[in-house]
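S.K.: Each chain is listed here by its residues.
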Amino acid sequence: MRRALAFVVAAGMIAGSLVVRDRIDERNARKRTVLRLACVTELEDVCNGLAGSRDVRVDVVVEPAGTTADRLRTAKVADLDGWLVTPPWPEAVDAARQRAGLTKLFAPSGAPVARSPLVLLVQRPREQVLRAACGNAIGWKCVGEAAPKRWSDIGGMQAWGPVKPWHPDPRDEAVGLLVAAQATAAYLGRTDVSTDDLDDPAYLDWLSGLELAVRRTRGSVTDMLTAPAQVDVVGTTEADAGPQIASAEVTEKPVVLYPRPVATADLLLAPLAGSRVTGVLRSLVGGEGRRVLAKAGWRVEGQDLARGVQASVPLPAGSGLPSSGLLAALRASLAEIR
Amino acid sequence: MTRRRPATRLTVRVALVATLLAGLAAACGGNGKGRASGGLDDVPKGCEAVDMAVSPEKVTLLTDLARSFNDSDAAKKGGCSVVRVQKVSSGVGMQLLANGWPDAQANGPRPVVWSPASSAWGAILNQKRRDKNQSDLAPPSKAFMRTPLVIAMPRPMAQALGWPDTPIGYADILSLAQNPNGWGAKGHPEWGPFKLGKTNPNFSTSALSATIAQYYAATQKTSGLSLEDLGQPQVDAFARGVESSVVHYGDITLTFLNNLYRSDRRGASLTYVSAVAVEEKSVIDYNSGNPDGILDPGEVPRKPRVPLVAVYPKEGTLFSDNPFIVLDAPWVSARQKQAARAFEAFVKQPENQRRVLKFGFRPGNPQVRVGAPIDRANGVDANQPQNVLDVPEPPVLVRILDLWAQQRKAARVQLVIDVSGSMGEPAGGGGETKLDLAKRAATSALNDFKDDDQVGLRVFTTGIRTTEPSDYLDLVPIGRIGDNRGQIDAAIQSLEPQHGTPLYTVAQASYDALRQSFDPTRINAVVLLTDGKNEDDRNPDVNNLLTRLRNSNEGESTRPVRIFTIGYGKDADLGVLRRIAEATNAAAYDASDPTSINQVFTAVISNF
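Protein sequence lines correspond, in order, to chains U and B.
So for the first sequence, numbering that gives the first Met the number 0 puts the first residue at 0; every next one is plus one.
So for the second sequence, numbering that gives the first Met the number 0 puts the first residue at 0; every next one is plus one.
Next up, chain U with everything else stripped away, as it sits in the complex (with noise of 0.2 Å):
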């Protein structure tokens, strides 16, 4: 009885140690695959996170949507596996690659991995005379209006000096085109636009006006926070600003407002076509992406919302955005703006 008894705890151990073995082993085949991943500078946080999965390796590679756009366009080999990304830098990546006769790079990227909001944040106590200045309703269209002026000019103090937007650098940055097309939907009234509205001389005098208001100097919520009178009115997503607003211990918050239509910035990883990691890479950003994301303010499906993030605000079925086309459009057009 014994002897089975030590037979039976021997086999055991043995199998155990097979199974562990295995998973080892799986374990290092899978740390020895290395992900090429390419991020905007706004998930530089979410990104160095998967940088550190212990499952894989993953080289993260931090730059503006606008450099590496640039760099893929004319590119004979992509120097990555797949890019984290709002539209529409992969399919206009893809669209210039035709149009100079190159292949296209990138496999279709499937549903959002994530969602957030566009918002608004107005420093007290101007956001009081911003909002009797705009009837009530502060929105990018009253606040294009507003940004060639000072404060003094619509009710608030001389001290204040210049209303001083500022929001990421459209030309570049993923968020900032985003807002920008927003803040071109909120003027127009209306998300169908086309480019001959880009076209429109009113249009211009009033996008010129908000452009060359933004501030030059590199800004960004934390600045905003820190440094209360560099910024007045920030555009930017609710991951960015959510969590960090919550968080903070300043004197007074700014308003966080959610302007009307909803607009949202949605999240796509673009896997490189025909790469043999692409399954990896939806596993990782599917899986462990997942968790980082919500935890630094993205609305992901399934994951619990971080502090700051208001529950309340539903998301539209789609992003509430001008067309993927009209954005690439609306990128040139503000290159010669600013």
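In case anyone wonders, no lab produced these hints; they're calculated from the structure.
Just so you know, not all the hints are guaranteed correct.
What the hints assert, rightly or not - Only pairs whose alpha carbons sit at most 30 Å apart, straight line, appear in this in silico DSS-like list of lysine-lysine:
| no. | chain 1 | residue 1 | chain 2 | residue 2 |
| --- | --- | --- | --- | --- |
| 1 | U | Lys148 | B | Lys302 |
| 2 | U | Lys252 | B | Lys357 |
| 3 | U | Lys294 | B | Lys75 |
| 4 | B | Lys449 | B | Lys86 |
| 5 | B | Lys220 | U | Lys252 |
| 6 | U | Lys294 | B | Lys76 |
| 7 | B | Lys131 | B | Lys336 |
To be verified - Pairwise CB distance ranges (calculated):
| no. | chain 1 | residue 1 | chain 2 | residue 2 | range |
| --- | --- | --- | --- | --- | --- |
| 8 | B | Pro349 | U | Met12 | 45 to 53 Å |
| 9 | B | Pro138 | U | Ala272 | 24 to 32 Å |
| 10 | B | Asp72 | U | Ser16 | 31 to 39 Å |
| 11 | U | Ala74 | B | Ser134 | 18 to 26 Å |
| 12 | B | Glu298 | U | Leu314 | 37 to 45 Å |
| 13 | U | Asp195 | B | Asp327 | 23 to 31 Å |
| 14 | B | Gln337 | U | Glu300 | 55 to 63 Å |
Said to hold, decoys possible - Short, incomplete list of chain B residues facing chain U, as computed with Cβ under 7 Å:
| no. | residue |
| --- | --- |
| 15 | Gly78 |
| 16 | Cys79 |
| 17 | Gln219 |
| 18 | Thr221 |
| 19 | Arg301 |
| 20 | Gln366 |
| 21 | Arg368 |
| 22 | Asp389 |
| 23 | Thr601 |
Where a beta carbon is used, it is the ideal one built from N, C-alpha and C, also for glycine.
Starting from the known structure of chain U, arrange chain B on it as the hints suggest.
M.R.: This is chain B only, laid out in the frame that chain U set:
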């Protein structure tokens, strides 16, 4: 027995591992002034040095934080790393990086991280490299703390301008600076003319920011300053007007604050300087009785009799944003970058940001609330500034520096060089003498003067000639350097070491000569270089010299002549030289290492 063998092996292994870990911990952790001190100490084998060049006002704070980091687990993630902090003025750091950071022996190790006071320096660096078709070294980076530029004024003077109820700006300063009645126009003739303390924008961030702010004030803009704006005649006139009220320049604001503090102790702070462009943090330090922001061991701060108040210019101001720039330089490895990022994250942790606040900076992490010492009790206001100016585009920044060199207040300088016998002693490793090195440095420094400056060359040693004055000789009389640069250069090359050191006699005589020919439109100064002590039996009384210098330099209607002293070599009487400089509200420079004379000369000439 068989059961115990594994246990023994285990014990041995545990002991081995423990020993290794202890060794590693000892190697990386450190426990005192050694390599973990954050200074430029040796780096233990296996550890990665992360050298960091930081602007002077935060060197104590960063050294403190580096010490904590080096002792923490964060420094051991992914391998051992040791952060070492060295002090480099922002403008000097920019210039060194633009030149590829040559001569690590003289300039310190090439940095992995550069933290100038403002990200504007990174933009200037990149622009200078782009102009030479070189890639950017300073990638976009984030602020880890801030402090706004303010105009610091003695409280009674600010009140005379209407502070705190009336907003004050650069236009008010220009108006007062150009008023022939000076402070008399504000009911205080006893304060004399309006005097502005402003450093050299090629070195100092507060000066760079103040110069940018002046241009904005001149154009009545707050953003979008363009090259065309800078070329406007009225803008040029505005800039020259503000510069005309400058006392003298210099590489660091702490010189002004130290001089002001000493004047304050003598009850004379209101006649030295009326306003100084400094960072808010410096106002806090000054009002705490610590004008240079560094408390030596045992030093007990004493609050000034007349405190400063921070005026936040009504036209708007700029923040010194203290970027943490991990350089994209060929000498920076991936591992060093990783370690640098770990240190950056460490610095931004809330507990360390509270240390930042304690030092008078505004935290860069919004999770730490701005509070004391940034409060009215220290002469500053956490709710200010209400308006912030945009940092101009890089080409505009570079142009501002070029223009400043033309628009700055002109100088009238007597160079006084010791040619005593000891200057013939060897210095450096190449068989050169102290005089050889000094000649080279002085020649090079001549190029830092603008053509319109007036410069003369005097040499001194006992018995330099048989007739009186027998202790000094004017080789080139003071004249426009655009015309006499070659003459001075040739005279410098001909210098030979001779006899003794009549230090007090030449100091007094040079000072008196400049006072007699004082030009109120210029900075009037003596630059006195010596390697020794006074060796003149005919004039051995330093106290008499100091009293005369001090008495003739104070009061509302003085003709201030500054004596900037350079103590050269290990035998120079640094104590006396410092007292001579302080008696004229100037600064003393230490070149006790003769090979540093180039940098020291550059720093001295930055006063003009």
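S.K.: If a hint holds in the structure, say so; if it doesn't, say that too.
M.R.: Evaluated hints:
1. U/Lys148 to B/Lys302: Status violated; Cα separation ~44 Å.
2. U/Lys252 to B/Lys357: holds, 23 Å
3. U/Lys294 to B/Lys75: holds, 26 Å
4. B/Lys449 to B/Lys86: Roughly 28 Å between the alpha carbons, so the hint for B/Lys449 and B/Lys86 holds.
5. B/Lys220 to U/Lys252: holds, 28 Å
6. U/Lys294 to B/Lys76: Holds: U/Lys294 and B/Lys76 sit about 23 Å apart, inside 30 Å.
7. B/Lys131 to B/Lys336: Since the Cα atoms of B/Lys131 and B/Lys336 sit roughly 26 Å apart, the hinted pair holds (cutoff 30 Å).
8. B/Pro349 to U/Met12: 45 to 53 Å: holds, 49 Å
9. B/Pro138 to U/Ala272: 24 to 32 Å: Distance hint for B/Pro138, U/Ala272 holds at roughly 31 Å.
10. B/Asp72 to U/Ser16: 31 to 39 Å: holds, 33 Å
11. U/Ala74 to B/Ser134: 18 to 26 Å: Since the Cβ atoms of U/Ala74 and B/Ser134 sit about 19 Å apart, the hinted range of 18 to 26 Å holds.
12. B/Glu298 to U/Leu314: 37 to 45 Å: 60 Å Cβ-Cβ, so the 37 to 45 Å window is violated.
13. U/Asp195 to B/Asp327: 23 to 31 Å: violated, 43 Å
14. B/Gln337 to U/Glu300: 55 to 63 Å: Violated - the Cβ-Cβ distance for B/Gln337 and U/Glu300, about 33 Å, lies outside 55 to 63 Å.
15. Gly78: violated, 15 Å
16. Cys79: violated, 19 Å
17. Gln219: Nearest chain U Cβ about 11 Å off; hint violated.
18. Thr221: B/Thr221 check passes; min Cβ-Cβ to chain U is 5 Å, inside 7 Å.
19. Arg301: violated, 32 Å
20. Gln366: Holds: closest Cβ of chain U sits about 5 Å from B/Gln366, inside 7 Å.
21. Arg368: Nearest chain U Cβ about 4 Å off; hint holds.
22. Asp389: holds, 5 Å
23. Thr601: Not OK, violated: B/Thr601 not within 7 Å of chain U, min 30 Å.
Consistency with the previously given hints fails for numbers 1, 12, 13, 14, 15, 16, 17, 19 and 23, ordered from lowest to highest.
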